[in-house]
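Enquirer: Model the full structure from these sequences, guided by the hints.
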Amino acid sequence: MVTDIASAAAVGAGGGAGLGAIRIGDEIAALEVMGIKSISFVATIRSFSLVSVQVVVLAAALAFYGVNPNFALTV
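Using my numbering, read the sequence shown as starting at 37 and increasing by one per residue.
Accuracy of the hints is not assured; some may be wrong.
The following label-pair restraints were derived from C-beta to C-beta distances [unchecked claim]:
id: 1; residue 1: Phe107; residue 2: Ala46; range: 26 to 32 Å
id: 2; residue 1: Asn104; residue 2: Phe77; range: 37 to 43 Å
id: 3; residue 1: Val89; residue 2: Glu63; range: 38 to 44 Å
id: 4; residue 1: Phe107; residue 2: Gly71; range: 46 to 52 Å
id: 5; residue 1: Asn104; residue 2: Glu63; range: 20 to 26 Å
id: 6; residue 1: Tyr101; residue 2: Val69; range: 44 to 50 Å
id: 7; residue 1: Leu98; residue 2: Ile75; range: 42 to 48 Å
id: 8; residue 1: Phe100; residue 2: Val38; range: 33 to 39 Å
id: 9; residue 1: Ala45; residue 2: Leu94; range: 21 to 27 Å
To be clear, the hints were calculated from the coordinates, so they are not data collected in a lab.
Being a predicted model, the structure only gives us computed values, none of them experimental.
Just so it is clear, CB atoms sit at the ideal spot from N, CA and C, and this is done for glycine as well.
Expert: Here is the structure:
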């Protein structure tokens, strides 16, 4: 459980640092100049990438440990 909390803190800190770097690099200001809502754009891109990576990691873990992908349907 402590490892989970530490991992969540590290991921959250990394996300915050990434947003800060984008803000300093004026990338968010450039999005706003182009008329794109910066917060929704950044949040959408990060959420999409998180979900897509989780699917790949889960599939790899299931294949590595030999779990049948249809296991949830048989329970």
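Enquirer: All hints, please: hold or fail.
Expert: Right, here's what the structure says about each hint:
{"no.": "1", "hint": "Phe107 <-> Ala46: 26 to 32 Å", "result": "30 Å, holds"}
{"no.": "2", "hint": "Asn104 <-> Phe77: 37 to 43 Å", "result": "39 Å, holds"}
{"no.": "3", "hint": "Val89 <-> Glu63: 38 to 44 Å", "result": "21 Å, violated"}
{"no.": "4", "hint": "Phe107 <-> Gly71: 46 to 52 Å", "result": "47 Å, holds"}
{"no.": "5", "hint": "Asn104 <-> Glu63: 20 to 26 Å", "result": "44 Å, violated"}
{"no.": "6", "hint": "Tyr101 <-> Val69: 44 to 50 Å", "result": "48 Å, holds"}
{"no.": "7", "hint": "Leu98 <-> Ile75: 42 to 48 Å", "result": "34 Å, violated"}
{"no.": "8", "hint": "Phe100 <-> Val38: 33 to 39 Å", "result": "25 Å, violated"}
{"no.": "9", "hint": "Ala45 <-> Leu94: 21 to 27 Å", "result": "22 Å, holds"}
When each numbered hint is compared with the structure, violations occur for hints 3, 5, 7, 8.
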